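Peer 1: Sequence order for the protein chains is A and B. Residue numbers for the first sequence follow my numbering, beginning at 1 and rising by one. Residue numbers for the second sequence follow my numbering, beginning at 1 and rising by one.
Hints may be right or wrong, so weigh each one.
[Unchecked claim] Cross-link-like lysine to aspartate or glutamate pairs, in silico, EDC-like; alpha carbons within 16 Å at most:
1. K312(B) to E158(B)
2. K38(B) to D12(B)
3. K61(A) to D42(A)
4. K384(B) to D341(B)
5. K61(A) to E158(B)
6. K61(A) to E14(B)
[What the hints assert, rightly or not] Incomplete in silico selection of chain A near chain B, CB under 10 Å:
7. R51
8. I86
9. I90
10. Q93
11. A94
12. L96
13. L140
14. H142
15. N145
16. S152
17. T154
18. V156
[What the hints assert, rightly or not] Distance windows between CB atoms, simulated:
19. H28(A) to P59(B): 46 to 54 Å
20. S21(A) to S15(B): 30 to 38 Å
21. E111(A) to D62(B): 53 to 61 Å
22. Q161(A) to V130(B): 33 to 41 Å
23. Q117(A) to S42(B): 53 to 61 Å
24. D27(B) to S21(A): 48 to 56 Å
25. S42(B) to Q4(A): 38 to 46 Å
26. L174(A) to R340(B): 21 to 29 Å
27. F328(B) to L174(A): 56 to 64 Å
28. P49(A) to S42(B): 49 to 57 Å
29. Q164(B) to S168(A): 55 to 63 Å
30. V92(B) to Y113(A): 55 to 63 Å
31. A20(A) to M61(B): 50 to 58 Å
32. D27(B) to Q65(A): 20 to 28 Å
These aren't lab readings, by the way, just hints derived from the structure by calculation. Since we're looking at a predicted model, the values are computed, not measured. Note that beta-carbon positions come from the ideal geometry of N, C-alpha and C, so glycine has one too.
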Amino acid sequence: MEKQSIILISCDHFDKDICASIVEDLAHEFHYPVIFKDYDFDISDFYHPGRRQYDANSILKVVSQMSYPGSFKKIGLFRVDLFIPILTYIFGQAILNGDSGVVSHYRLRNELYGLAQSKEILNERLKKVIIHETGHMFGLIHCQNPVCVMRSSTYVEDIDQKSQNLCSKCRAELGIS
Amino acid sequence: MAKKVSILIVDDEESVRDSLYNWFIDDGYVVECAENAKKALSILQTKDFDIILADIKMPGMDGMEMHRRIKTLKKDPVVIIMTAFASVDTAVQALKEGAYDYVTKPFDPDDLSHLIRNASAQIALKAENVNLKNKISSLDNVEDLIGESESLKLVLKEVESVAQSNSSVIITGESGTGKELIARAIHSNSPRKYFPLISVHCGALTESLLESELFGHEKGAFTGATFNRKGRFEMADGGTIFLDEIATISPKMQIELLRVLESKTFVRVGGNKEIKSDFRVICATNRDLKSMVDSGTFREDLYYRLNVVNIKIPPLRERIDDIPLLAFYFIKKYCTSMSRDLISIEPAALKHLEALEFPGNVRELENMIERAIVIGNGKEIRLKDLPMGKDVINSSIESLEELERKHIATILNKFDWNISRSAKALRVDRATLYNKIKKYHLKQEK
Numbered sequence: 001m002e003k004q005s006i007i008l009i010s011c012d013h014f015d016k017d018i019c020a021s022i023v024e025d026l027a028h029e030f031h032y033p034v035i036f037k038d039y040d041f042d043i044s045d046f047y048h049p050g051r052r053q054y055d056a057n058s059i060l061k062v063v064s065q066m067s068y069p070g071s072f073k074k075i076g077l078f079r080v081d082l083f084i085p086i087l088t089y090i091f092g093q094a095i096l097n098g099d100s101g102v103v104s105h106y107r108l109r110n111e112l113y114g115l116a117q118s119k120e121i122l123n124e125r126l127k128k129v130i131i132h133e134t135g136h137m138f139g140l141i142h143c144q145n146p147v148c149v150m151r152s153s154t155y156v157e158d159i160d161q162k163s164q165n166l167c168s169k170c171r172a173e174l175g176i177s
Numbered sequence: 001m002a003k004k005v006s007i008l009i010v011d012d013e014e015s016v017r018d019s020l021y022n023w024f025i026d027d028g029y030v031v032e033c034a035e036n037a038k039k040a041l042s043i044l045q046t047k048d049f050d051i052i053l054a055d056i057k058m059p060g061m062d063g064m065e066m067h068r069r070i071k072t073l074k075k076d077p078v079v080i081i082m083t084a085f086a087s088v089d090t091a092v093q094a095l096k097e098g099a100y101d102y103v104t105k106p107f108d109p110d111d112l113s114h115l116i117r118n119a120s121a122q123i124a125l126k127a128e129n130v131n132l133k134n135k136i137s138s139l140d141n142v143e144d145l146i147g148e149s150e151s152l153k154l155v156l157k158e159v160e161s162v163a164q165s166n167s168s169v170i171i172t173g174e175s176g177t178g179k180e181l182i183a184r185a186i187h188s189n190s191p192r193k194y195f196p197l198i199s200v201h202c203g204a205l206t207e208s209l210l211e212s213e214l215f216g217h218e219k220g221a222f223t224g225a226t227f228n229r230k231g232r233f234e235m236a237d238g239g240t241i242f243l244d245e246i247a248t249i250s251p252k253m254q255i256e257l258l259r260v261l262e263s264k265t266f267v268r269v270g271g272n273k274e275i276k277s278d279f280r281v282i283c284a285t286n287r288d289l290k291s292m293v294d295s296g297t298f299r300e301d302l303y304y305r306l307n308v309v310n311i312k313i314p315p316l317r318e319r320i321d322d323i324p325l326l327a328f329y330f331i332k333k334y335c336t337s338m339s340r341d342l343i344s345i346e347p348a349a350l351k352h353l354e355a356l357e358f359p360g361n362v363r364e365l366e367n368m369i370e371r372a373i374v375i376g377n378g379k380e381i382r383l384k385d386l387p388m389g390k391d392v393i394n395s396s397i398e399s400l401e402e403l404e405r406k407h408i409a410t411i412l413n414k415f416d417w418n419i420s421r422s423a424k425a426l427r428v429d430r431a432t433l434y435n436k437i438k439k440y441h442l443k444q445e446k
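Extracted from the complex, chain A is given alone in its bound form:
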């Protein structure tokens, strides 16, 4: 029987090269095939004028309803600023032990913090957030290990400090050697 896949869905026209590199690392980390897909997503329905942000909970529901035969985990990539009602912003969100997640690169960009634009740094951060949210979909909770990718991050600096890999404890929980 063919192994089920993780689908990485570019909902906001992401660069194919970046996505290819993420696909490779994601597959390496979770030992599952990862397939990249483009999706034409009309995000305007999820705009909240009061907060000038996009409602991540509602977007997550839509991602969850997307059907891809042979896939068991889906993660949508967005360029817009995402929020959930209780928080001022989020980098990403996924359902614990669920099948879907969303990630935004909006607040991962250096220029938002008055720093010089850096494609490399942005890609590294995006990769870490995607692996982190995928970890939640596989049932992993936040890890206390400072370099584990499952460590909770509230600022981009926190993301920069951790690695893009799962620590040995988290790997053991997933049964990955």
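Since chain A is already given, all that's left is putting chain B on it; use the hints.
Peer 2: Using the frame of chain A, we list chain B on its own:
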């Protein structure tokens, strides 16, 4: 492994509940949600939560009202109030009502994590505090008051009923009956137990020393007063002061003590500032204070001020049933402190103990057991390990002549009536010994 912190989220907005749920689940907390206050209160009837995150504005019962009702459930979770509308008034009100904190939606992700982390630390501190309090209680309990006799049970019942009150207590009883233990038991079972129990042995101090000891002194108040010193009354603030051998205090000190007991204020020796202290007084004496009042050696007004409750501890000879229990208790205590294996006591030795008068009461019994363990064979306490005849303090009054007669007879018997050896042991010459034998009509037993 540490217990997972549990959180109950109460909010009428589903999206808020779901977001918080997902956020906390990712952090490894145990999370439950309720869509309104009524549902939350019904969940709380059967389950305990460490933290409750409640929206302030909800249809029906609001978050503040729910918090008030949670308090009546005798549960003590950390309550954090959430609101979408920041207002100082509501924040102040929430904190006044005992909420741990107040947050405005939406929160900065870091703020929320910090809030919950701090609340978790507070929960851990509370739990630690409860554990420590329990430990202190178990250390200070009445475990040293050993006995099953009816008379001791009555005393313990009195201790239990008097402990909760704030009344002055006089404990009377012979020396060695455990008056200080009773005072400690009253204190450790009273609401003052987390404050100090200060003991003062009035009989061991001169009048001026007792005055300085009780009231404290200011620097330079007298020669040698090189620094300010707190008095025992001041140290006992919030707790209990135990005045042992109260009958020995001088008439001047009796007046001073009466004044302090009435006003609960005093001035340090050499000072002029009035100091207030909230203490409870427990006194002890082995003398009959009432007869001292009748004879005019103890002030009547002070006697009535102190004698609100009188607890009389029976002497050991009136509770012979407790002797085996006490003996076993002291054996265990000293074997443990001397790091020895637990030993037993032979029935004859126990019988011997039960027949003794014990003028020194429990203290005397304790010393006997300790001595027996030290000099014994390490397996059991034998009859010969216990002090016999002359070693035991005898309560009967014997004349010097009678004691001399008994001692000479014992020595003569020990040396089989060999006069030279007996005289040498007694450190007298042979002629003196012959004279004594004649005087006391001593004869060798056949």
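Peer 1: Does each hint fit the structure? Answer for all of them.
Peer 2: Status of the hints after comparison with the structure:
In summary, the hint linking K312(B) to E158(B) is supported, as the alpha carbons are separated by about 10 Å, within the 16 Å threshold. Of the supplied pair hints, the one linking K38(B) and D12(B) holds, its CA atoms being roughly 11 Å apart against a limit of 16 Å. A hinted pair counts as satisfied when its Cα atoms are at most 16 Å apart, and K61(A) with D42(A) qualifies at roughly 14 Å. Distance hint between K384(B) and D341(B) is unfulfilled; the C-alpha atoms sit about 20 Å from each other, more than 16 Å.
Our distance criterion of 16 Å between C-alpha atoms is broken by K61(A) and E158(B), whose separation comes to about 69 Å. With a C-alpha separation of about 14 Å, the suggested pair K61(A) and E14(B) falls inside the 16 Å cut-off, and the hint holds. With a least beta-carbon distance of about 8 Å to chain B, the hint placing R51(A) at the interface is held under the 10 Å criterion. A least Cβ separation of about 5 Å between I86(A) and chain B falls short of the 10 Å threshold, and the interface hint therefore holds.
Look at I90(A): its Cβ gets to within about 7 Å of chain B, closer than 10 Å, so that hint holds up. The closest approach between the C-beta of Q93(A) and any C-beta of chain B is roughly 7 Å, which is under the 10 Å cut-off, so the hint is satisfied. Nearest Cβ of chain B to the Cβ of A94(A): about 8 Å, under the 10 Å cut. The hint holds. For L96(A), the suggested interface contact is upheld, since its CB lies about 5 Å from the closest CB of chain B, less than 10 Å.
The beta carbon of L140(A) comes within 9 Å of a beta carbon in chain B, closer than 10 Å, and the hint placing it at the interface holds. The closest approach between the C-beta of H142(A) and any C-beta of chain B is roughly 5 Å, which is under the 10 Å cut-off, so the hint is satisfied. Evaluation of the N145(A) hint against chain B yields a violated restraint, the C-beta minimum of about 13 Å exceeding 10 Å. For S152(A), the shortest C-beta to C-beta distance to chain B is roughly 7 Å, which falls under 10 Å, so the interface hint holds.
Because the closest C-beta pair between T154(A) and chain B is about 4 Å apart, less than 10 Å, the hint holds. For V156(A), the suggested interface contact is broken, since its CB lies about 12 Å from the closest CB of chain B, more than 10 Å. Between H28(A) and P59(B) the CB atoms are about 50 Å apart, so this pair conforms to the stated range of 46 to 54 Å. With their beta carbons about 34 Å apart, S21(A) and S15(B) fall inside the hinted range of 30 to 38 Å.
The beta-carbon spacing between E111(A) and D62(B), approximately 43 Å, falls outside the hinted interval of 53 to 61 Å. Range check, Q161(A) to V130(B): about 37 Å between beta-carbon atoms, so the 33 to 41 Å window is met. Between Q117(A) and S42(B) the beta carbon distance is about 54 Å. The supplied range of 53 to 61 Å therefore holds. In this structure the supplied range 48 to 56 Å is violated for D27(B) paired with S21(A), their Cβ-Cβ distance being about 29 Å.
About 41 Å separates the C-beta atoms of S42(B) and Q4(A), a value consistent with the hinted range of 38 to 46 Å. Between L174(A) and R340(B), the C-beta spacing of about 56 Å breaks the proposed range 21 to 29 Å. The supplied range of 56 to 64 Å is met by F328(B) and L174(A), whose beta-carbon atoms lie about 59 Å from each other. At roughly 38 Å, the beta-carbon separation of P49(A) and S42(B) lies outside the given 49 to 57 Å, and the hint is violated.
Taking the beta carbon of each, Q164(B) and S168(A) are about 57 Å apart, inside 55 to 63 Å as hinted. The given range of 55 to 63 Å is broken by V92(B) and Y113(A), whose C-beta atoms sit roughly 35 Å from each other. For the pair A20(A) and M61(B), the beta carbons lie near 55 Å from each other, so the given range of 50 to 58 Å is met. At about 27 Å, the CB distance of D27(B) to Q65(A) agrees with the hint of 20 to 28 Å.
Checked against the numbered hints listed earlier, the structure breaks hints 4, 5, 15, 18, 21, 24, 26, 28 and 30; every other hint is satisfied.
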